[in-house]
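Residue numbers (our numbering): 93 to 134.
It should be emphasised that the hints constitute simulated quantities derived from the structure, not laboratory data.
Just so you know, not all the hints are guaranteed correct.
Cut-off 20 Å, straight-line C-alpha distance, at most; resulting in silico cross-link-like pairs (SDA-like, lysine to any residue) [unchecked claim]:
hint : residue 1 : residue 2
1    : K94       : G113
2    : K94       : V105
3    : K94       : L104
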Amino acid sequence: MKRSDLNHLRRLVAWVSCEIGQSPDELVTTMRNLAERGITRC
């Protein structure tokens with residue numbers, strides 16, 4: 093896989109993890125973790 097493919101896959105996984113039934117507190121934690129990794133969109 094090319095680096096661009098891996099980056100796209102990472103963003104897709106991050107988006108899916110944001111969308112799947114998390115409590116509000118878990119969602120905040122997920123968003124903070126994604127922000128620390130440089131992923132700004134879900």
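- prompt: If you draw a straight line from the CA of K94 to the CA of V105, is it 20 Å or shorter?
  reply: holds, 17 Å
query: Is it true that the CA of K94 sits at most 20 Å from the CA of G113?
result: Distance ~31 Å between K94 and G113 Cα, so the pair is violated.
message: Does L104 sit within 20 Å of K94, going by the straight-line distance between their CA atoms?
response: This hinted pair holds, its Cα atoms lying about 15 Å apart.
Violated hints amount to a single one, hint 1; each of the other numbered hints is respected by the structure.
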